[in-house]
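Visitor: Required output: the full structure, derived from the provided sequences and hints.
Chains as they are written, first to last, in my numbering: chain A, 1 to 107; chain B, 108 to 345.
Calculated from the structure, these hints are not laboratory results. Fair warning: there could be bad hints in the mix.
Claimed, not checked - Covered by chain A, according to a simulated footprint, are these stretches of chain B (three or more residues, beta-carbon under 8 Å):
hint : stretch
1    : 157 to 164
2    : 175 to 184
3    : 200 to 209
4    : 254 to 263
5    : 285 to 294
6    : 332 to 339
Claimed, not checked - Partial chain A-side listing against chain B, Cβ under 10 Å, derived:
hint : residue
7    : Thr6
8    : Ser23
9    : Met27
10   : Thr44
11   : Pro45
12   : Val46
13   : Ala47
14   : Trp59
15   : Ala75
16   : Ala84
17   : Ala96
Glycine included, C-beta positions come from ideal geometry on N, C-alpha and C.
Chain by chain, the residues:
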Amino acid sequence: MNTVETWVIIILLGVGTFVLRFSFLGMIGGRPMPEWVLRHLRYTPVAVLPALVAPAVVWPAATGGDPDAARLLAAFATVAIGLATRNALWSILGGAVTLYGALWLLG
Amino acid sequence: MTASLSRSAFWRGFREGLPFVLVIIPFGLLFGVVATEAGFNLAETMAMTVLVIAGASQFAAVQMMADNAPAVVVVVTALAVNLRMAMYSASLTPHLGKAPVWQRALIAYTLVDQCYALASQEYERRPQQSMAEKVAYFFGSSMVVCPFWYGMTLIGATVGEAIPPGMALDFAVPITFLAMVAPMLRTLAHVVAALVSVTVALLLAWMPHNTGLLVAGLVAMAAGAQTELWQARRSAGL
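Guide: Laid out in structure tokens, this is it:
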């Protein structure tokens, strides 16, 4: 990734994100969004984020794409703790402890 | 009188935003570290944090750029992560839609998850407030959250340069995302969307330029929406 490309991505992402945030606030008396659009938007984070990480969990680049027990365990612990505590910070902490613990134990 | 009401609304927003600082500190630090490890220099890391102020999409963009995904795929995917913000914008419009345009632009710029959550609760609790008070409350909350996000990223980026490689930091982003998603799995529809997302992403991992990710996101959104509809119909006894 070269410098120009990096800056183009940063600027497009900044402008695009602002447009999304300004969209309805920017249009006074904007009509309400149709129900089916809202219904899909509700699921964007849970639809996009897991897809983004799934390949990195199963085939991590750090091991050359071979499944790695420590990383799989850490991912599992992160999700389990997140579901149990409903708290992202405990979840990250638990995942990190599991990752380093398992890397250390499994060598 | 109006000015003092606005002032007290501003400070109420400020106070109620304070607890979120506990969340912003580690995420901001982590973003600074991860971006630096991915090869961003300080100017690039800070520009992204200041221009975008949306943690999840920033992590997503950095991760994909480290994977050498094409620029178009990086931008489209990261913006897809931010689509929910159009929903925030729509939901605040009845309260803030008549404010001067420069105020609405500033509100839009700082419309992060935490400020949205605070404002939507506040406007529901105190609907009789004037427009000026509602705007002041919003700015109060964003004056806490946003400077911390910038500052913590800066510290993280500075510290990141000192962290040696081989710390398994490749896994910081997956863990962060899983930790953000797990608490969101409140309903069956959210769980279905997440499972479909993972399954389709793994099945389509062979597709070039991370495009399988876009397909997985779209299919998973539809799966969540359809599950919601199906449940609504079932509970209505149809």
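Visitor: Does Trp59 (chain A) meet its interface restraint, that is, does its C-beta lie within less than 10 Å of any C-beta in chain B?
Guide: 7 Å, holds
Visitor: Does the nearest C-beta of chain B fall within a distance shorter than 10 Å of the C-beta of Ser23 (chain A)?
Guide: Hint on Ser23 (chain A): holds, closest Cβ of chain B at ~5 Å, below 10 Å.
Visitor: In terms of beta carbon proximity below 8 Å, does the stretch 332 to 339 of chain B have 3 or more residues touching chain A?
Guide: holds (count 3)
Visitor: Holds or violated: is there a CB of chain B closer than 10 Å to the CB of Ala75 (chain A)?
Guide: 6 Å, holds
Visitor: Regarding the hint that Met27 (chain A) lies at the interface with chain B, is the smallest CB-CB distance below 10 Å?
Guide: Since chain B brings a Cβ to about 8 Å from Met27 (chain A), closer than 10 Å, the hint holds.
Visitor: With a cut-off of 8 Å between beta carbons, are at least three residues of the stretch 254 to 263 of chain B near chain A?
Guide: violated (count 0)
Visitor: Would you check whether Pro45 (chain A) satisfies its interface hint, that is, whether its CB is within less than 10 Å of any CB in chain B?
Guide: Holds, about 6 Å.
Visitor: Hint validation: Thr6 (chain A) versus chain B, beta carbon distance must be below 10 Å. Holds or violated?
Guide: 6 Å, holds
Visitor: A closest beta-carbon separation below 10 Å is what the hint needs, so does Thr44 (chain A) meet it against chain B?
Guide: Hint holds; Thr44 (chain A) Cβ to chain B Cβ min 4 Å, cut 10 Å.
Visitor: Verify the interface restraint on Ala47 (chain A): the C-beta must sit less than 10 Å from at least one C-beta of chain B.
Guide: 3 Å, holds
Visitor: How does the stretch 285 to 294 of chain B fare against chain A when you require at least three residues with a CB closer than 8 Å, holds or violated?
Guide: holds (count 8)
Visitor: Using the nearest Cβ pair, does Ala96 (chain A) come within less than 10 Å of chain B?
Guide: Interface hint status for Ala96 (chain A): holds (6 Å vs cutoff 10 Å).
Comparing the model with each numbered hint stated earlier shows that hint 4 is the single one that does not hold.
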